[in-house]
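Engineer: So the chains spell out like this:
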Amino acid sequence: MTRRRAHSPQSVKVLRALSAQPLTWRHGYDLCTELDLRSGSLYPILIRLCDRGFVDSMWETPGAGRPPRHLYRITAAGLHEAAGLSPMPARAPRGQVRWDPA
Amino acid sequence: MGPRVITRAVIGLLAELAGRPEWGRAMLAEAEQISDPRARRRFARGCLWALALSVPAGVGTLLVAGLSSLTVVVVALVRYPGIVSGAGTWVAVGLFSIVVVGYVTIGAGLAARLGRGGPTGQMLASGAVIAGVWMVALVASGTPAGISIPLLALAPCVALILGWRATRRSTSTTIGLRCVGLAALAGGLGLFLVWGGETVILAGRPYDPGMVRDFATSGAPDLATYAVGDSLGSGMMLLLLVPLVSLVAGATGAMAAAHWPRTSHTDA
Numbered sequence: 038m039t040r041r042r043a044h045s046p047q048s049v050k051v052l053r054a055l056s057a058q059p060l061t062w063r064h065g066y067d068l069c070t071e072l073d074l075r076s077g078s079l080y081p082i083l084i085r086l087c088d089r090g091f092v093d094s095m096w097e098t099p100g101a102g103r104p105p106r107h108l109y110r111i112t113a114a115g116l117h118e119a120a121g122l123s124p125m126p127a128r129a130p131r132g133q134v135r136w137d138p139a
Numbered sequence: 049m050g051p052r053v054i055t056r057a058v059i060g061l062l063a064e065l066a067g068r069p070e071w072g073r074a075m076l077a078e079a080e081q082i083s084d085p086r087a088r089r090r091f092a093r094g095c096l097w098a099l100a101l102s103v104p105a106g107v108g109t110l111l112v113a114g115l116s117s118l119t120v121v122v123v124a125l126v127r128y129p130g131i132v133s134g135a136g137t138w139v140a141v142g143l144f145s146i147v148v149v150g151y152v153t154i155g156a157g158l159a160a161r162l163g164r165g166g167p168t169g170q171m172l173a174s175g176a177v178i179a180g181v182w183m184v185a186l187v188a189s190g191t192p193a194g195i196s197i198p199l200l201a202l203a204p205c206v207a208l209i210l211g212w213r214a215t216r217r218s219t220s221t222t223i224g225l226r227c228v229g230l231a232a233l234a235g236g237l238g239l240f241l242v243w244g245g246e247t248v249i250l251a252g253r254p255y256d257p258g259m260v261r262d263f264a265t266s267g268a269p270d271l272a273t274y275a276v277g278d279s280l281g282s283g284m285m286l287l288l289l290v291p292l293v294s295l296v297a298g299a300t301g302a303m304a305a306a307h308w309p310r311t312s313h314t315d316a
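Chains R and L, in that order, are what the protein sequence lines are. Letter 27 of the first sequence, counting from 1, is numbered 64 in the working numbering, and no numbers are missing. Letter 84 of the second sequence, counting from 1, is numbered 132 in the working numbering, and no numbers are missing.
The shape of chain R in the complex, shown without the other chains:
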């Protein structure tokens, strides 16, 4: 029996971002800027998610004078995986103390 590895918080961010727009193909750099992730963190996550079948990748059609870019989109298995993730914990804005009335 194989054990499933838990997703890192960054992987969860990527899965959530891709599952928010499941039909849209996304560029790597756009994901970096949107999720505030460095490329050194994003690409290993994308590689792992692609290897596990949660993310699909393809090359865009070549444009004039620019090399074609890689595009990423969540798969059905990825959507299922994202749906099974625990809900995003609500975070109080920096410097603001949350008050939970008893």
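It is possible that part of the hints are untrue.
Taking lysine to any residue and the SDA-like style, the derived pairs with C-alpha atoms no more than 25 Å apart in a straight line are [unchecked claim]:
id : chain 1 : residue 1 : chain 2 : residue 2
1  : R       : K50       : L       : A77
2  : R       : K50       : L       : R90
3  : R       : K50       : L       : L76
4  : R       : K50       : L       : R253
5  : R       : K50       : R       : L68
Worth flagging that the hints you see were computed from the coordinates, not collected in a lab. Everything numeric in this text was worked out from a predicted model, so none of it was measured.
Once you have looked at the hints, place chain L on chain R.
Structural biologist: Using the frame of chain R, we list chain L on its own:
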């Protein structure tokens, strides 16, 4: 050659070594779209880091051995500038660099084909054994004990047995040949690293009478420079010779194993 070209080349090489060439191309294409030079540099640095960490341990070992071998030669050239006797020296250094890069690239390709979890680690260890036997035989050749010939004969025997075992265990001649190739390249790099490293550290010692005699007519500025240059030249020849001999012996073992009939056990 600007830093951008070097970064592109390193990303391409690391992606190949990591067995992820398509991802390397994807990162390069993405970096090309970033107009802000600072953001592009930061993006490229992250990609380099990600790929460097993706390189399998076996390939990383080969890469370190290759880079260390190149470093040994650079250190020798800096410490003993008198080694450079003309354009021929630079041609030799250029060819040496091409051979080292070729060994690392081919070795990485073989390791990738053996797959993650394959016998890459065992083959690198076998390469170390091949290098060790050669080193002992070469050191012994300088002593009057007369044991260097049997030891030199033992070196290809190690590769032959390796080719035989790898083919029998995997039941595939192709895998056996890949294993032999990887061990042979690792052996060559390992031997050069030890040989060259020792040469630079000990300034080419010990100086035998023949070397002292030849130095007188060499035109080298001092004996250490002559000895280091001479020894590194021998090391470069060994870098070609050891993998070649090991490959021929190992391939012979692999072919023999493929054609040798297997004993089958049947239940009574």
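Engineer: Does each hint fit the structure? Answer for all of them.
Structural biologist: Here is how each hint holds up against the structure:
no. : hint           : result
1   : R/K50 - L/A77  : holds, 23 Å
2   : R/K50 - L/R90  : holds, 21 Å
3   : R/K50 - L/L76  : holds, 24 Å
4   : R/K50 - L/R253 : violated, 60 Å
5   : R/K50 - R/L68  : holds, 10 Å
Checked against the numbered hints listed earlier, the structure breaks hint 4 alone; every other hint is satisfied.
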